[in-house]
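Colleague: Chain by chain, the residues:
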Amino acid sequence: MEIGAVKKVGAQLLLGAALLALAAPAHAIPAFARKYGLPCSACHEAWPMLNNFGQTFKDNGYQLGNDRDSPIYQQPGYWPIMFRVTPTWHRESNDRAAVDMVPGNAGSGLVQSTVTQSGFDVGGIDVVTAGTLSKNISFFVQPYFSNSGAGLSQAWARFDNLFKSHWLNVKFGRFELDEPISQERTLWLNNTGFFYYNYFFTPPGDNNFFTGLGNIQLGVEVSGHTPDDHTRYSVAVVNNSNGATGLQASQAYDVYANFNQSFDIPGVGLQRLGVYTFVGESPTYYQTSGGNPIPGTGQGDKGFYRVGAYGQWYVKKFDFQTFYEHGHDNVFLGNALPSNQPTLLPPGAIGPSWNGGFVEAHYNYNPRFILMGKYELVEMAKQANPAIKGNLGDLDTWSIGYRYYPIMNPRAGLAWVQEYSRIINQGVPTLSGKAGINDSYLMGFDFDF
Amino acid sequence: MRIKIGLAGSAAFFVLLSSLVAFGQETRVGNLVGNAEHGKFLYQRYCIFCHGQFGDGTGESAPYLDPKPRDFTKGVYKCRSTPSGSLPLDSDLFDTIGRGMHASGMPAWRPLVRQDRVDLVAYVKSFSPRFKDEKPDPAVTIPPETPDTPDSIKRGADLFQSNNCWSCHGKDGRGNGPSASTLTDSKGYPIVPFDFTSGREFKCGDTNREMFRDLMTGLDGTPMPSFTDSMKPDQMWDVVHFIRTLSSKKHLMAADQTPPSAPAPAAPAQ
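One line per chain: the protein sequences are A and B, in this order.
When you line the first sequence up against the numbering used here, it's residues 1 to 449, in that order.
When you line the second sequence up against the numbering used here, it's residues 1 to 270, in that order.
Bound-form chain A, shown alone:
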């Protein structure tokens, strides 16, 4: 065995020893698990990804329907707060980066090379406080702290079971859309595999202010479901601002709608099928003062839409998530031109459209160990400008990994994670003209307490 390999095994043994040492003291307390005395696995297939029981709990406004729901039944020491920290070691590789031929000499000319970076890191700290203010009034506030600063991810209040009906719940604030498969609850942590790219895709050169379902949005959502959550719907009206506060973008509103139905196949499990659409308009120019855009005065709104279908398939310990999206932007958005100057459009210009999707598979060996794999692609169907190469913007990405949860109790959760991802992106220019390739490897801990 080579010395390098011995060192690698030794390092992994040390990590394992550290894992065992950390497994004993678990003093911190996840908010909901502590409130109800339930383990993480009750609501999460593997946290943070929800199972049907957890989805039902969420859809019921963080209520189980028993007398522990109301805050007045909680002990005074109960504090509905949760922290999440992810200390990791990761390696990022850009396989076709343009670098100076002579480092430090900008005049030496560019060559294509592989650039790698690696080291220990902490992605940031998530803080979540959430729960019920009283029966049928719930809330969620999620500030974050990272190396690049602090901010507010989500902040909303929800009125549940209006008119004593599961079919009418209203949420106000800044929230994650009822996405087919939640971006906020992704199991992936590495830089390349973290995103569902379809949720954030816009063609190269497109200036649609809306950049995807995956963004936290600002608005109001009406939702409902059957008591067992097998039939669900949600309709949200949101600012065309990607969730940015302060009325700083356009004056348009977008609409998102999601409907899904699950059905039980005896002996196999619960299956869920759904359809969704996001329809909106985005400004193509602004009122100006001295030629400078005045914020919040977007005009010349032009339309766009995303539409698709998805499924969540459970076969005993296996589950698969399948997602399809078709996207289309108006020709002015696609060419990043103001709609009051149509003569600027290049000959043959059309609204760009594309198709994409992903398949994500999980194998739950047991509630403490899950294997994960994901493949995703986006392919342009029509470019906004016929002069653009047909596959510009196409991307393929795949990821594999696992999560092991040595601690998973009502007070704390800890996962040991290893992941590897690769993305081949035709939208990234390289010197050779080939697609950009990025690889990510990550291992580390995901603390939740």
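Hints were generated in silico from the structure; no laboratory data involved.
Note that the structure is predicted; figures quoted are calculated from it, not measured.
Check before you lean on any hint, since a few could be wrong.
Stated by the list, open to error - Calculated cross-link-like contacts (lysine to any residue; reagent style SDA-like; alpha-carbon spacing at most 25 Å):
1. K164(A) with D206(B)
2. K164(A) with E210(B)
3. K135(A) with K40(B)
4. K316(A) with N208(B)
5. K317(A) with N208(B)
6. K316(A) with S247(B)
7. K164(A) with N208(B)
8. K316(A) with L42(B)
9. K68(B) with Q63(A)
10. K40(B) with L371(A)
11. K135(A) with G52(B)
12. K164(A) with S247(B)
13. K135(A) with R99(B)
14. K132(B) with P144(B)
15. K316(A) with H38(B)
16. K135(A) with V33(B)
17. K40(B) with K164(A)
18. K68(B) with K316(A)
19. K316(A) with G98(B)
20. K68(B) with A31(A)
21. K317(A) with F41(B)
Based on these hints, arrange chain B on the given structure of chain A.
Modeller: The following block gives chain B in isolation, referenced to the frame of chain A:
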């Protein structure tokens, strides 16, 4: 010849043993048959932290819970359709998982599909040897409900007194009877009689039929006995009707039905 008899005897013994094992283990609710192996997987995901790895009610969360999680190894269950002392039917356990246990940490697991709940029943039964050795008695028969009349309520109030329900549940049904502070369950943990005025749902279901059933079967493992021997079915319905009047919701409903001729409260002085 001896060999043939030996083989035949072994085969018969094996068949008999298999049938006994199958009798002890098979779990069936409607047309669904439980799979204990899959139930174990589900148990580890949903139940183990309260009920414990061995089903003895000593999971990691147990010290923080009141009432304590059920000890499955005893094979004693509160919510049953079978007579006092009997094992529950598979459907009783299935219903309990789906309904949850009100006023306890046990949530309603209805989001789990029916097959999963049956699988859980199959696995939960495997913790107690009683399910291998005994067969549950048939479910008690619940007669049609008698009319809920003022007379029935009056008779129920008298029966509530004469059957000493008040000694635990209190004269007003507030769960504060003279014996209340001394009660323990079968494992010696303190137990609080139900406060009928709270308006909270009953542990084993909130319909009149379920209340009647509780009076017939008692809640095994608790001091709540079966009243089958001390009350006739009509009398049990009277008690059910009386208990219904104790809940605060009923009081509110009664207040709503105050005749409009009742004098309005005087306006406050300006």
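Colleague: Hint by hint, note whether the structure agrees.
Modeller: Evaluated hints:
1. K164(A) with D206(B): The hint holds at about 18 Å.
2. K164(A) with E210(B): Distance ~24 Å between K164(A) and E210(B) Cα, so the pair holds.
3. K135(A) with K40(B): violated (34 Å)
4. K316(A) with N208(B): violated (38 Å)
5. K317(A) with N208(B): Distance of about 40 Å is beyond 25 Å: violated.
6. K316(A) with S247(B): violated (44 Å)
7. K164(A) with N208(B): holds (22 Å)
8. K316(A) with L42(B): holds (10 Å)
9. K68(B) with Q63(A): Answer holds: K68(B) to Q63(A) is near 21 Å, not above 25 Å.
10. K40(B) with L371(A): Satisfied, since the Cα-Cα distance of roughly 20 Å is no more than 25 Å.
11. K135(A) with G52(B): Violated: K135(A) and G52(B) sit about 31 Å apart, past 25 Å.
12. K164(A) with S247(B): The hint holds at about 20 Å.
13. K135(A) with R99(B): holds (19 Å)
14. K132(B) with P144(B): Violated - the C-alpha atoms of P144(B) and K132(B) are around 34 Å apart, more than 25 Å.
15. K316(A) with H38(B): holds (8 Å)
16. K135(A) with V33(B): violated (38 Å)
17. K40(B) with K164(A): violated (36 Å)
18. K68(B) with K316(A): violated (31 Å)
19. K316(A) with G98(B): OK: K316(A) and G98(B) at ~20 Å, within 25 Å.
20. K68(B) with A31(A): holds (21 Å)
21. K317(A) with F41(B): holds (9 Å)
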